[in-house]
Structures are given as structure tokens and as C-alpha cells.
Amino acid sequence: AQSVTQLDSQVPVFEEAPVELRCNYSSSVSVYLFWYVQYPNQGLQLLLKYLSGSTLVKGINGFEAEFNKSQTSFHLRKPSVHISDTAEYFCAVSEGGFKTIFGAGTRLFVKA
Amino acid sequence: GAVVSQHPSWVICKSGTSVKIECRSLDFQATTMFWYRQFPKQSLMLMATSNEGSKATYEQGVEKDKFLINHASLTLSTLTVTSAHPEDSSFYICSASGAGGSTDTQYFGPGTRLTVL
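First to last, the protein sequences are chains A and B. The opening residue of the first sequence carries number 48 in our numbering; numbering runs sequentially from there. The opening residue of the second sequence carries number -2 in our numbering; numbering runs sequentially from there.
Everything labelled a hint here was simulated from the structure, so no lab data went into it. Be careful, since some hints might not be right.
[Said to hold, decoys possible] Straight-line C-alpha distance at most 30 Å; calculated DSS-like pairs for lysine-lysine:
1) A:Lys116 - A:Lys96
2) B:Lys38 - A:Lys105
3) B:Lys17 - B:Lys63
4) B:Lys38 - A:Lys96
5) A:Lys105 - A:Lys158
6) A:Lys146 - B:Lys17
7) A:Lys146 - B:Lys38
8) B:Lys61 - A:Lys146
9) A:Lys146 - A:Lys96
10) B:Lys17 - B:Lys38
11) B:Lys38 - B:Lys61
12) A:Lys146 - B:Lys52
13) B:Lys11 - B:Lys61
14) B:Lys52 - B:Lys11
15) B:Lys61 - B:Lys17
16) A:Lys158 - A:Lys96
17) A:Lys146 - A:Lys158
18) B:Lys52 - B:Lys17
19) B:Lys11 - A:Lys146
20) A:Lys116 - A:Lys146
21) A:Lys105 - A:Lys146
22) B:Lys38 - B:Lys63
23) B:Lys63 - B:Lys11
24) B:Lys38 - A:Lys158
[Stated by the list, open to error] Partial selection, computed: residues in chain B whose CB lies under 10 Å from chain A:
25) Val1
26) Phe25
27) Leu41
28) Thr46
29) Ser94
30) Asp101
31) Thr102
Here the structure is a predicted model, which means the values were calculated and not measured. Just so it is clear, CB atoms sit at the ideal spot from N, CA and C, and this is done for glycine as well.
Please model the entire structure based on the sequences and the hints provided.
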């Protein structure tokens, strides 16, 4: 069975500092991996996804993530965050692109 | 591309009434639609998966008679909360896959905030 662990429930960071949001997964087969962002009282917006190919994936808003198969990780990074990046971030995994399992979420709080 | 809408964005109803939430894929045909429930400060909980023209598949613990799902077309799915009670108050989010002919990614609607008085 699949599972997703987001290691940090909250990540406070100062504006213009780099950030990494950690995500580990477990699965017995090949998976697709996703990062979504959710702003208050809104749905989820796709930041980026890994399906196959290059393990470094670039997404919207300057975010990128690296798929590490040996460590079963898919950490999300941004070199310089903005106040507007304050939101909830969800890592997700699916097997074959069907049923998707979400992590518990990481609250990124960017401080001025 | 790959835009999903939900209507209404919020609804307040009295206990015992039924509420219908619509989910539409605006610019693609959704082979599969998903309904999630999200409690405050928590992750998404999958309620059910539906394919156009067939019965929805409900997750364990989700009452199919209470949460009626209809997927009448490739662009519309509806969730009806029947005889709603205060404990049904939640944020309901739908998603759809099938954009670009691929099922590998889900695209989410903006969510519907349901408050049952």
C-alpha cells in the first residue's frame, strides 16, 4: 500500500530565504509524484509533478523538486521565498495515475 | 487549460435538508472525477471515485446513501449530501483527470464550504 509522509507540519522561514519541504513515500511499484499548493479556502493547485524521466522537476512559481528513488523522497525546494508563498503544501503519490494518496500537509509561513 | 469549477463555492443549510454540489471540467473531458472532504487544518480524505455513466466507488467508511454521487457526463459530476447534519459541515473538493487524454494528473476545483446549522 502507498503512503506519504510529510516530515514537517509547519515550516517558518524569512522572506528571500531558501526553503525545503520534505516528503517521503512508500510504494511497492513505480509511482507518480506530485506537489500541490492550497491557499486559504481554495482548492489545490498543481505545482509540479514527476511521472518519469529527469529526476529534477521544475514547477510553477519558482519551485522545483527532486525525485530520489533510493531514498524514496520527493522534496520540494525554492531558492528564495516570498510572502505570497505562505500556504499549505501537499505532497501526493499515485500508482499508475489513478488513486492518489496525500500527505498530511506542510504549512509554509513566510515572515517579513 | 485543465480548469475545474465547483458550484456553489459556499452553502449554508438547515439540518435535515439536502445539498447538491456540482463539479465541472471546463476545458477537457474528465474520464474520472474524485470527491474529497477536508477538515480544518487536515489533509484531503478521498470519499469516492466516479467514472462517467457508471456507479461511484466509495471509500471505506463513506456512506453511499448519504453522499450521492452522479457522473452524468464527461464534464459534470454532482455530490448530493442528503439529510445533512452539522457533522457534515466541511470543505468538499472535487478533482478530475483526463486532461489531454491522460489520466496521470488530477486537477482540482476551488472547493465548496458546507455549513449545516
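Cross-check of the supplied hints:
no. : hint                : in the structure
1   : A:Lys116 - A:Lys96  : holds, 15 Å
2   : B:Lys38 - A:Lys105  : holds, 27 Å
3   : B:Lys17 - B:Lys63   : holds, 12 Å
4   : B:Lys38 - A:Lys96   : holds, 23 Å
5   : A:Lys105 - A:Lys158 : holds, 24 Å
6   : A:Lys146 - B:Lys17  : holds, 24 Å
7   : A:Lys146 - B:Lys38  : holds, 22 Å
8   : B:Lys61 - A:Lys146  : holds, 18 Å
9   : A:Lys146 - A:Lys96  : holds, 15 Å
10  : B:Lys17 - B:Lys38   : holds, 24 Å
11  : B:Lys38 - B:Lys61   : holds, 25 Å
12  : A:Lys146 - B:Lys52  : holds, 16 Å
13  : B:Lys11 - B:Lys61   : holds, 21 Å
14  : B:Lys52 - B:Lys11   : holds, 28 Å
15  : B:Lys61 - B:Lys17   : holds, 14 Å
16  : A:Lys158 - A:Lys96  : holds, 27 Å
17  : A:Lys146 - A:Lys158 : violated, 35 Å
18  : B:Lys52 - B:Lys17   : holds, 17 Å
19  : B:Lys11 - A:Lys146  : violated, 33 Å
20  : A:Lys116 - A:Lys146 : holds, 20 Å
21  : A:Lys105 - A:Lys146 : holds, 23 Å
22  : B:Lys38 - B:Lys63   : holds, 24 Å
23  : B:Lys63 - B:Lys11   : holds, 16 Å
24  : B:Lys38 - A:Lys158  : holds, 20 Å
25  : Val1                : holds, 8 Å
26  : Phe25               : violated, 14 Å
27  : Leu41               : holds, 5 Å
28  : Thr46               : holds, 7 Å
29  : Ser94               : holds, 7 Å
30  : Asp101              : holds, 4 Å
31  : Thr102              : holds, 6 Å
Violated hints, in rising order: 17, 19, 26; the structure is consistent with all others.
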